[in-house]
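Participant: Position one of the sequence shown corresponds to residue 20 (this note's numbering), numbered consecutively onward.
These are computed hints drawn from the structure, not numbers from a lab.
There's no promise every hint is true.
Below, computed lysine to aspartate or glutamate pairings styled on DMTMM-like, alpha-carbon distance capped at 20 angstroms [to be verified]:
#, residue 1, residue 2
1, 111, 79
2, 194, 146
3, 202, 146
4, 133, 89
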Amino acid sequence: MSDNVSIDPQTGRPIIDPKFYSDALDIVRNNPGAPSAAAAVRTMFDWGESQQNKEVKAVDDPLVKQGLTDRLFDPTNPTTRIDLMKASAAGKLSDHSFQSMERLVTELETSPLKGPVWQATAAAAKDALIVSIPGAIGKDMKGTESYASFMQSFIPQYLAKSRAGTLEPNALDVKDPNSMISKAMAPFKRTAAQRMSDYVVSFGGLANVPEPPAPATPTPSAVPKLPADREAGHVYPTPQGPYKWTGTGWVKPDAEAFSSGAAMQYNEATRQWRNKASGAVYDSVGRPVK
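Given only the sequences and the hints, what does the whole structure look like? Please build it.
Facilitator: Structure below.
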């Protein structure tokens, strides 16, 4: 494939030599009756057509990209160029990621990195870079992207040292901060606070509250069920207390009226809030009513 496909340095898009298609057909001719050969050629043609007719640049699907990255070291079902082509043709892998991962597949064909050691190394790197909470909703998209980028940069460096015979004994020790892998992961690591913040942002709301809380019992109709019926910036009563609807999710209100923690009472008829202790009245976004 690399002999028939080059990259335009100006646009970053693949340039496909016509020989790409004839070489693809040779796969079928040389493997008559093999369903896998026919399927591979169909994918190659689909990919070539998608590159020539692409009007909008594809954007990475983080989960698809992670799956392809995870399988790089799978001894029974490793990621192949055909897998990359399928993802690219489906618009789930950007041109940049396709090129980076295709080079990675080529590297691994020359010097395979498979087996329990590499599987354990990949699992440890994933655990260090991706937030995963069993049973919780949402995905750590930032961590998923960082993990894929780390693998794309680390593997070629590791293989180069391996071929040169200059690998340190602790090269893959993720617990040693001075090991090769730990130093390579350092730029992609986040603090615990950053990890959780990115995880929450990935589904646009408070942790484990992607959809609005149920209306408070005293005001059953105060919170419209449909997001389109809610007013962005409006503070609504919920079982968890006053919460502001941003238009896409729920956040604690930032208005000073709600920052003291004082008990607040909502009047659905006037759509105003009253501080039970001081008697002060505020409008639906927290501004004082005089």
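Participant: Could you tell me which of the hints above the structure violates, numbers in ascending order?
Facilitator: none
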